[in-house]
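Visitor: Line order of the protein sequences matches chains A and B.
At position 272 of the first sequence (counting the first as 1) the number is 272 in the numbering used here, and the numbers step up by one without a gap.
At position 2 of the second sequence (counting the first as 1) the number is 2 in the numbering used here, and the numbers step up by one without a gap.
Since the hints were derived computationally from the structure, they do not count as laboratory data.
Ideal placement from N, C-alpha and C gives every residue a C-beta, glycine not left out.
Incorrect hints may have been included.
[Stated by the list, open to error] Between beta-carbon pairs, the in silico distance windows are: (1) B:Lys-173 / A:Val-163: 22 to 28 Å; (2) B:Gly-117 / A:Phe-378: 28 to 34 Å; (3) A:Ala-82 / B:Lys-173: 24 to 30 Å.
[As the list claims (entries may be wrong)] Once the Cα atoms are required to be at most 16 Å apart in a straight line, the calculated EDC-like pairs of lysine to aspartate or glutamate come out as: (4) A:Lys-210 / B:Asp-88; (5) B:Lys-173 / A:Asp-211; (6) B:Lys-100 / B:Asp-88; (7) A:Lys-50 / A:Glu-133; (8) B:Lys-40 / B:Glu-97; (9) A:Lys-269 / A:Asp-48.
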Amino acid sequence: MGLKEKLHGIKEDFKGKKMAPAFNALHTFLYTPNETTHNGSHIRAVDDLKRTMNTVIMALIPVLIWGIFNAGYQHYAAVDAANGIIREASLFGNFFTWDNFAMGAITVLPLVIVSYLVGLGVEFIFAVIKGHEVEEGYLVTGMLVPLIVPVDIPLWMLAVAVVFGVVIGKEVFGGTGMNILNPALTIRAFLFFAYPTWMSGDKVWVHGAKDVVGTPDAISGETILGAYAQNSSVVYDFADKFFGFIPGSVGETSTFLIILGGLFLMFTKIASWRIIFSAIVGAAVMGLIFNGVVYQGWIAEGSKFYGLMNTPFWEHLIIGGIAFGIVYMATDPVSGAQTNTGKYWYGFLIGFFSIMIRVFNPAYPEGVFLAILLMNVFAPTIDHYVVQANVKKRMKRLKLKTA
Amino acid sequence: MALLSKKDTGLLLDPLADNNPITIQVLGICSALAITAQLKASIVMALSVVFVLAVGNVVISLMRNIIPSKIRIIVQLVVVAALVIIVDQVLKAFAYELSKTLSVFVGLIITNCIIMGRFEAFALGNGPYRSFLDGIGNAAGYGLILIIVGFFRELLGSGTLLGFKVLGDPIAKTGLYAIGYENNGFMLLSPMALIVVGIIIWIQRSRNSALIEEN
Numbered sequence: 001m002g003l004k005e006k007l008h009g010i011k012e013d014f015k016g017k018k019m020a021p022a023f024n025a026l027h028t029f030l031y032t033p034n035e036t037t038h039n040g041s042h043i044r045a046v047d048d049l050k051r052t053m054n055t056v057i058m059a060l061i062p063v064l065i066w067g068i069f070n071a072g073y074q075h076y077a078a079v080d081a082a083n084g085i086i087r088e089a090s091l092f093g094n095f096f097t098w099d100n101f102a103m104g105a106i107t108v109l110p111l112v113i114v115s116y117l118v119g120l121g122v123e124f125i126f127a128v129i130k131g132h133e134v135e136e137g138y139l140v141t142g143m144l145v146p147l148i149v150p151v152d153i154p155l156w157m158l159a160v161a162v163v164f165g166v167v168i169g170k171e172v173f174g175g176t177g178m179n180i181l182n183p184a185l186t187i188r189a190f191l192f193f194a195y196p197t198w199m200s201g202d203k204v205w206v207h208g209a210k211d212v213v214g215t216p217d218a219i220s221g222e223t224i225l226g227a228y229a230q231n232s233s234v235v236y237d238f239a240d241k242f243f244g245f246i247p248g249s250v251g252e253t254s255t256f257l258i259i260l261g262g263l264f265l266m267f268t269k270i271a272s273w274r275i276i277f278s279a280i281v282g283a284a285v286m287g288l289i290f291n292g293v294v295y296q297g298w299i300a301e302g303s304k305f306y307g308l309m310n311t312p313f314w315e316h317l318i319i320g321g322i323a324f325g326i327v328y329m330a331t332d333p334v335s336g337a338q339t340n341t342g343k344y345w346y347g348f349l350i351g352f353f354s355i356m357i358r359v360f361n362p363a364y365p366e367g368v369f370l371a372i373l374l375m376n377v378f379a380p381t382i383d384h385y386v387v388q389a390n391v392k393k394r395m396k397r398l399k400l401k402t403a
Numbered sequence: 001m002a003l004l005s006k007k008d009t010g011l012l013l014d015p016l017a018d019n020n021p022i023t024i025q026v027l028g029i030c031s032a033l034a035i036t037a038q039l040k041a042s043i044v045m046a047l048s049v050v051f052v053l054a055v056g057n058v059v060i061s062l063m064r065n066i067i068p069s070k071i072r073i074i075v076q077l078v079v080v081a082a083l084v085i086i087v088d089q090v091l092k093a094f095a096y097e098l099s100k101t102l103s104v105f106v107g108l109i110i111t112n113c114i115i116m117g118r119f120e121a122f123a124l125g126n127g128p129y130r131s132f133l134d135g136i137g138n139a140a141g142y143g144l145i146l147i148i149v150g151f152f153r154e155l156l157g158s159g160t161l162l163g164f165k166v167l168g169d170p171i172a173k174t175g176l177y178a179i180g181y182e183n184n185g186f187m188l189l190s191p192m193a194l195i196v197v198g199i200i201i202w203i204q205r206s207r208n209s210a211l212i213e214e215n
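Build out the structure end to end from the sequences listed, making use of the hints.
Guide: Right, here's the structure in full:
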C-alpha cells in the first residue's frame, strides 16, 4: 500500500470528526484527493492554489539560500571590518564557504522553522474550530516572513508576530483569499511597531552585533539606506548592491536573484507583470523627481533628506527592500488590485510611495512595506473606480447606438 | 421587597454585556482608544463617566417635563458641560498628574456619544430612579471595556499595572526581562487599542450568536 492510500485511509477514518481538516490537509499537501466536485461548473486546470503557492516558493528558494550564505558572510565581514580588514567580496573566494553556510544556517533556519510551525499551527487550529479545510495560503507567507526580518530577531518575537499576523491579518477576514492586507507584511509591520529596537538601527542586520555592543569586539552593519539617510557614504560598489553582498533583511539583498525570481513568476503567469512593471516605473518617477529637486538646488546639502534624495533613481531600485517588495509582496493576487487597469495604478502608487516614504522618513528609511500595506487597503477602491469607469464608457456607447 | 425589580436589574446589567455601549453599539470609541494606554487613566476615565452619566441622567430626568423639545439638546449640553467641569476641577485639584495624562479627554466627555445618547434615549422618557440605574449601567459597561483594554495595553505595552512593575524591571533586567522578554511598543499606540476592542467584540459575538446581525 502506497503512501497515498495510507493517507487516504487515515482521512476516511477521521471523516466527520473534529480533527478531519487537519488530516485532510496532510493528505492534500502532497496528493490530489480522490474526490471530484459535485455541483456547479467544473473547470479542469492544474494551476490550483497548491500549484500557485509551490511556484512562488520555488521562486523564493534561491533568495533564501543566498540569504543563508549572506547572513554568515556579513557576520564574518563585520568581524573583519572591526579588526580593520576591508573585505573584497568574491563569489567563490569568500562567499560560498562552509563557514558562511554554517553560520547562516544556524541563524536563518530557526526563523523559517518558527515561522512555519507557528503559522501552520494557527491555521490548523482555525480549520479545526471552524470546520473548514486547511488552506495552503500560509505556505508562501511562512517562507516570506523569515526573508523580510533582520537575522537576529528573537524567535519568540517572531512567533508572537506570526500569531498576530495570521489571526488579525487573515483569519478574522475569513482565511486565505479573503484577507485585505498581505499577512507577511502585517507580521513585519507588527514587529516594526512593537519591537523597533530589533527592526532598525545598525546593530540588527548582522548576526551577533547586538550581543557585543559596548565591548572591544563590537561590530555593526548599517544598511545602505540607513547610511544614506544619515548623509554618509558606503563602501559597497554597484556589483555589491546588485548581487547582494550587503547587510539587510535576510532575503532582500540580492536584486539579481530577485529579478530572476520575478522573471520566473512572470513567465509562469503567477505574478502580474503589470504590477511589477508599473511599480518599477512609479519608483523611478519618484526617484527622478527627487533627483530633479537636488539638481535644481532646491535642497541644501546639509538637509537630512539630501542623502537619499541625491541617490540616483536607478540605485533606489537595487538597494533596500523595494525589489523584493515589488516582486514577491505587491504581486500578491489576493490583497492587490484585481482589474488590469487597476493593477497599473496599484503598482505605480506602490513604487511612488515607497520611495517617498523612504526619503522623507530618515529615522526608518525602509518604506516599501508601509507603501504596499497602504495600497492593499486602497486596492478595492482602485478596482471600484476602474469598474465604474468601464460602466460609464459602455453606457455612453449604448446611448450612442440607441440614439 | 427586593431592592431592585427584575426590570431594574436589567437596566443595570444589560449594558455590561449584551447591550454594551462600546462593543455592541460601538459608541464612545474615541476615548476608549485615546486614554487606555494606562490602566489608571482608564479607571479614572471610567469613574468620571459613571459620575457624569448617572448624575446627568437624574438631572435630565427631573427636568424632562419642563424642557421644551426644540432646545433640549442645548439644555442637555449645559447639564453635561457643568458636570464635566466639576469632574475636571476635582481631578485638577486632587490628581493633577493624572489630569495632565487625560488632558483634553476629560473635557471631551461632553462629546461622548454614550452620554447624549442615554439622555435622549432614556432620561427624557423615564423617572429619575430608573434613569440613575440606566446611567450607572451604561457608564459601567463603557468603563468595563475601558478597564479591560487598559489592563492589556499597560501590561503588555509597559509591563506594569497601575504603575507597579509586575513583569520585572526592563532596565535592571529582572523578572521576565531577564530571559529576554521585551515590552510591546505597538500596544501603546492607538491602532492596537482598536484591535484589542475588535478582539473583545469578536470573542463576545462568537460566544453569543444572538448578537450577530442577519446577512
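Visitor: Give a verdict on every hint.
Guide: Hint check results:
no.: 1; hint: B:Lys-173 / A:Val-163: 22 to 28 Å; in the structure: 25 Å, holds
no.: 2; hint: B:Gly-117 / A:Phe-378: 28 to 34 Å; in the structure: 33 Å, holds
no.: 3; hint: A:Ala-82 / B:Lys-173: 24 to 30 Å; in the structure: 26 Å, holds
no.: 4; hint: A:Lys-210 / B:Asp-88; in the structure: 47 Å, violated
no.: 5; hint: B:Lys-173 / A:Asp-211; in the structure: 15 Å, holds
no.: 6; hint: B:Lys-100 / B:Asp-88; in the structure: 10 Å, holds
no.: 7; hint: A:Lys-50 / A:Glu-133; in the structure: 13 Å, holds
no.: 8; hint: B:Lys-40 / B:Glu-97; in the structure: 11 Å, holds
no.: 9; hint: A:Lys-269 / A:Asp-48; in the structure: 13 Å, holds
Checked against the numbered hints given earlier, this structure breaks only hint 4.
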